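Participant: One line per chain: the protein sequences are A and B, in this order.
Once you know that position 107 of the first sequence is 106 in numbering that gives the first Met the number 0, the rest is easy, because the numbers rise by one and skip nothing.
Once you know that position 161 of the second sequence is 160 in numbering that gives the first Met the number 0, the rest is easy, because the numbers rise by one and skip nothing.
One thing to keep in mind: the hints can contain errors.
[Stated by the list, open to error] Derived lysine to aspartate or glutamate pairs resembling EDC-like cross-links, with alpha carbons at most 20 Å apart:
no.: 1; chain 1: B; residue 1: 88; chain 2: A; residue 2: 14
no.: 2; chain 1: A; residue 1: 118; chain 2: B; residue 2: 172
no.: 3; chain 1: A; residue 1: 118; chain 2: B; residue 2: 55
Hints are computed from structural coordinates only; laboratory data are not their basis.
What you are looking at is a predicted structure, and each value in this text was computed from that prediction instead of being measured.
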Amino acid sequence: MTYHWDFYTVMQSFDLLVWGVWTTFLYTVGSIAIGVVVGAASCYARISRFWWLRLISRSYQELFRCTPLLVQILWAYYALPMLLGISISNATAGLLTLSLYVGSFYAEIFRGGILAIDKGQREASAAIGMSGLQSMRYVILPQAVKNMLPAFINQSVIQLKNTSLLYAISIAELTYMTSVVTSETYRPLEAYSLAAVLYFAMLFPLTQVADHFERRMRRSD
Amino acid sequence: MTNSAVISVTGLGKSFGKLEVLRGIDLDLMPGEVLGVIGPSGSGKSTLIRCLNMMEVPSSGTIRFKGREVSPRFRGRGEAIGTGELRRKVGMVFQHFNLFPHLTVLANVTAGPIKVLGEPRGEVEARAMDLLGQVGLADKARAYPAHLSGGQKQRVAIARALAMRPEVLLLDEVTSALDPELVGEVLAVIRRLADTGMTMVLVTHEMGFAADVASRVLFMEGGRIAEQGSAEDILRKPESERLRAFLARFHA
Chain A
0 MTYHWDFYTV MQSFDLLVWG VWTTFLYTVG SIAIGVVVGA ASCYARISRF
50 WWLRLISRSY QELFRCTPLL VQILWAYYAL PMLLGISISN ATAGLLTLSL
100 YVGSFYAEIF RGGILAIDKG QREASAAIGM SGLQSMRYVI LPQAVKNMLP
150 AFINQSVIQL KNTSLLYAIS IAELTYMTSV VTSETYRPLE AYSLAAVLYF
200 AMLFPLTQVA DHFERRMRRS D
Chain B
0 MTNSAVISVT GLGKSFGKLE VLRGIDLDLM PGEVLGVIGP SGSGKSTLIR
50 CLNMMEVPSS GTIRFKGREV SPRFRGRGEA IGTGELRRKV GMVFQHFNLF
100 PHLTVLANVT AGPIKVLGEP RGEVEARAMD LLGQVGLADK ARAYPAHLSG
150 GQKQRVAIAR ALAMRPEVLL LDEVTSALDP ELVGEVLAVI RRLADTGMTM
200 VLVTHEMGFA ADVASRVLFM EGGRIAEQGS AEDILRKPES ERLRAFLARF
250 HA
């Protein structure tokens with residue numbers, strides 16, 4: 000049996016896929032941006048000297064790391080509005096969940112990067128009169144960021160792929176748009192193949208950047 | 000006793016959990032004095048020197064800097080001096096150098112004056128170059144710590160501490176991590192500092208050097224000052240059996 004490939008039909012709806020790529024991109028960048036802020040705050044809370052801050056932060060992280068993202072998305076969209084008695088748009092529910100999810104992973108990446116810095120660095124900066132914040136800013140973070148970068152990029156790559164789960168709440172990202180194209184053209188093979196190629200084209204450069212940093216780090220050690 | 004001591008320690012105790020590392024230390028450090036601290040490992044000498052700039056927070060007793068009580072907080076309250084201000088005036092050099100690996104030698108030396116004291120960069124860099132000249136490393140200003148030998152790193156660390164223009168310098172076993180052939184260059188720098196009248200506390204295993212440079216030597220054992228006196232008395236005419244035994248191992 001030979002399958003008769005027909006990309007022409009699918010290409011007629013290519014603008015829909017482009018729209019999907021754009022939406023995927025926006026949700027990725029948006030959730031990474033919010034996730035970095037949330038992750039940094041959560042990381043800071045976890046190394047704080049106040050036990051209740053540590054507890055809150057820890058609980059948040061475990062909650063989001065130990066439940067499936069799809070369940071979180073569905074819960075935020077369908078269950079949370081019932082609990083709060085307000086309506087939440089799918090965009091808000093989607094962006095919020097993705098951000099909190101990736102934030103919980105970023106927090107641990109940040110914390111690991113900071114804890115990996117020798118405690119002598121902290122002492123040396125304190126010994127010249129730096130405050131905790133100054134030490135963090137001028138001494139610890141510049142070194143820690145380098146350590147964090149590969150894991151951070153990897154998590155961000157996963158994050159872009161995770162946006163496909165927004166399909167479940169009808170957000171017009173690439174996977175959802177592909178299903179739309181499929182139902183219009185009855186060409187699932189071409190449509191999903193094209194979607195895969197588009198995802199690959201977005202992510203391959205990113206993983207190369209991650210590898211580059213990882214190689215450079217090994218060299219400087 | 001109110002006196003002219005730069006650092007004055009009374010009844011200092013420090014415990015890590017159940018382990019008592021320091022017990023009832025009394026000590027006055029006078030201006031221009033070079034205090035050598037010797038003793039077997041575990042005798043508390045490193046903990047003592049680390050308490051002097053609050054790198055370790057004492058469990059009991061008080062430390063005064065020029066008569067002002069030292070607080071374990073970054074900002075002091077009322078009369079008390081906080082660790083931020085204290086450490087601007089009491090510099091420290093570590094056994095393992097702890098240079099900032101992401102900064103050049105010059106930036107290591109200028110970081111404190113620029114970020115902490117807020118002094119203008121141009122002025123600080125000129126002074127830093129002068130200090131690097133004094134420790135014989137002016138040509139390494141643009142190098143990164145990873146490209147230096149241990150002895151060079153330690154000399155940069157000393158320049159970094161001096162760039163803050165401290166009134167006291169704490170040296171915590173600064174030659175212990177060095178290859179034997181590199182010890183001399185670091186000791187020479189400290190020797191010159193002593194000659195300029197810098198007040199120093201020097202925890203060391205280099206008995207010969209302590210004898211040479213220290214104006215007073217403490218022998219510590221079991222968290223207490225077991226014996227103290229002039230370098231001559233302590234190192235050449237030890238009174239206690241313990242000190243004799245300790246010194247004998249070094250002279251062997």
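Participant: State the violated hints by number, sorted upward, taking the hints as numbered earlier in the document.
Facilitator: 1
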